[in-house]
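Chemist: Read top to bottom, the protein sequences are chains A and B.
The first sequence begins at 1 in the numbering used here and counts up by one.
The second sequence begins at 1001 in the numbering used here and counts up by one.
Mixed in with the good hints there might be a few duds.
These stretches of chain A come out as covered by chain B in the derived footprint (C-beta under 8 Å, 3 or more residues) [what the hints assert, rightly or not]:
| id | segment |
| --- | --- |
| 1 | 15–27 |
| 2 | 113–123 |
Only pairs whose alpha carbons sit at most 27 Å apart, straight line, appear in this in silico BS3-like list of lysine-lysine [said to hold, decoys possible]:
| id | chain 1 | residue 1 | chain 2 | residue 2 |
| --- | --- | --- | --- | --- |
| 3 | B | LYS1100 | A | LYS109 |
| 4 | B | LYS1016 | B | LYS1100 |
| 5 | B | LYS1016 | A | LYS49 |
Partial selection, computed: residues in chain A whose CB lies under 10 Å from chain B [stated by the list, open to error]:
| id | residue |
| --- | --- |
| 6 | LEU7 |
| 7 | PHE12 |
| 8 | PRO42 |
| 9 | HIS54 |
| 10 | HIS56 |
| 11 | TYR76 |
| 12 | TRP77 |
If you are wondering where the hints come from, they were derived from the structure by calculation, not from laboratory data.
The beta-carbon is built from N, C-alpha and C at its ideal position, and this holds for glycine as well.
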Amino acid sequence: MDRLDELINRYFDGQTTCAEERLIRQAFAQGSVPDELEVYRPLFTGLDKLSERHTHAGDAKPARRRRGLCSLRLRYWAGGVAAGLALYLVLTRILPGGTAESYVVIDGKRYTDPMLVQAKAREALGNVSYTDEELSNLLFPLEP
Amino acid sequence: MELNAFQTSVCSLREKLLAQARRWTGSGEDAEDIVQEVLLRLWSRRAELDRCASIEAFAATVTRNACIDWLRTSHTCGSDLSDGTLQPDGRTPEILLEAKDERQLVERIIRLLPPLQQAILQMKDVEGYETEEIAQVTGCNAEAIRSNLSRARKRMRDFYLKAIEERRKKHG
């Protein structure tokens, strides 16, 4: 309890940290303080209540609010990572073949060889394209 | 507004505000106290500063008002409360004797202190800032804050001890 006495003296000299001031208030809140310090009980109880009311009013110092914000940002970030992971699992495990892979189906069989896919694609495009001569004939048919 | 932004946009005006307060008070020491008080007031209203068109004009107005308050108090009361009383006859103000609980008593005692001491006590004992953080807001050294904090707490203790003694006498 000498320690409490010393802390109170340092408090009035403006030398205590916030942590030490919390210790003083806790000592009075928990009850057991030496008789000669009992006189200060209403003072520290009053300060404790004022500080508590201020915190509850949402006016806590910015550092505390920053901690709250950090925690909120961390939660958002973790939520984003979890959502991304879930999407990845859905695309790769639950919906196989859902990726943008090129393939060609010949006689009901699926081929992914890039050379074969390109050749078949060119062939398919060739089937629907016109030469310049064919296009000209189509647009300007010769008079009979 | 965070501390860094406050230091850039408000604490940088310190010298100008100090010169303004010196012109009003004619005393470097009183001007220093007034500017500390003004910076603490501005810190407590930092949310409004973000919406303020000219922080410098706003700070100058707050400083002028603080100087007027200071002149009014020092001329009309002629007291620096150094004996822990506000009443001419040395009695404890009735407002303290009528406080209904500890919180109200402490709150009322704080309100009786000079504005700078009120502001420092509010930040340290109610809002939970460290002395070094208060020094950063006011742009002065931590030792100056400790000295004002100590004066504020000792004055609060004097008011408090007087009040509870008179309450005891009053209620038997």
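Chemist: If a hint holds in the structure, say so; if it does not, say that too.
Modeler: Evaluation of the provided hints:
| no. | hint | in the structure |
| --- | --- | --- |
| 1 | 15–27 | holds (count 4) |
| 2 | 113–123 | violated (count 0) |
| 3 | LYS1100(B) - LYS109(A) | violated, 89 Å |
| 4 | LYS1016(B) - LYS1100(B) | violated, 44 Å |
| 5 | LYS1016(B) - LYS49(A) | violated, 38 Å |
| 6 | LEU7 | violated, 13 Å |
| 7 | PHE12 | holds, 5 Å |
| 8 | PRO42 | holds, 4 Å |
| 9 | HIS54 | holds, 5 Å |
| 10 | HIS56 | violated, 12 Å |
| 11 | TYR76 | violated, 20 Å |
| 12 | TRP77 | violated, 21 Å |
The structure fails to meet hints 2, 3, 4, 5, 6, 10, 11, 12 from the earlier list, while all remaining hints are met.
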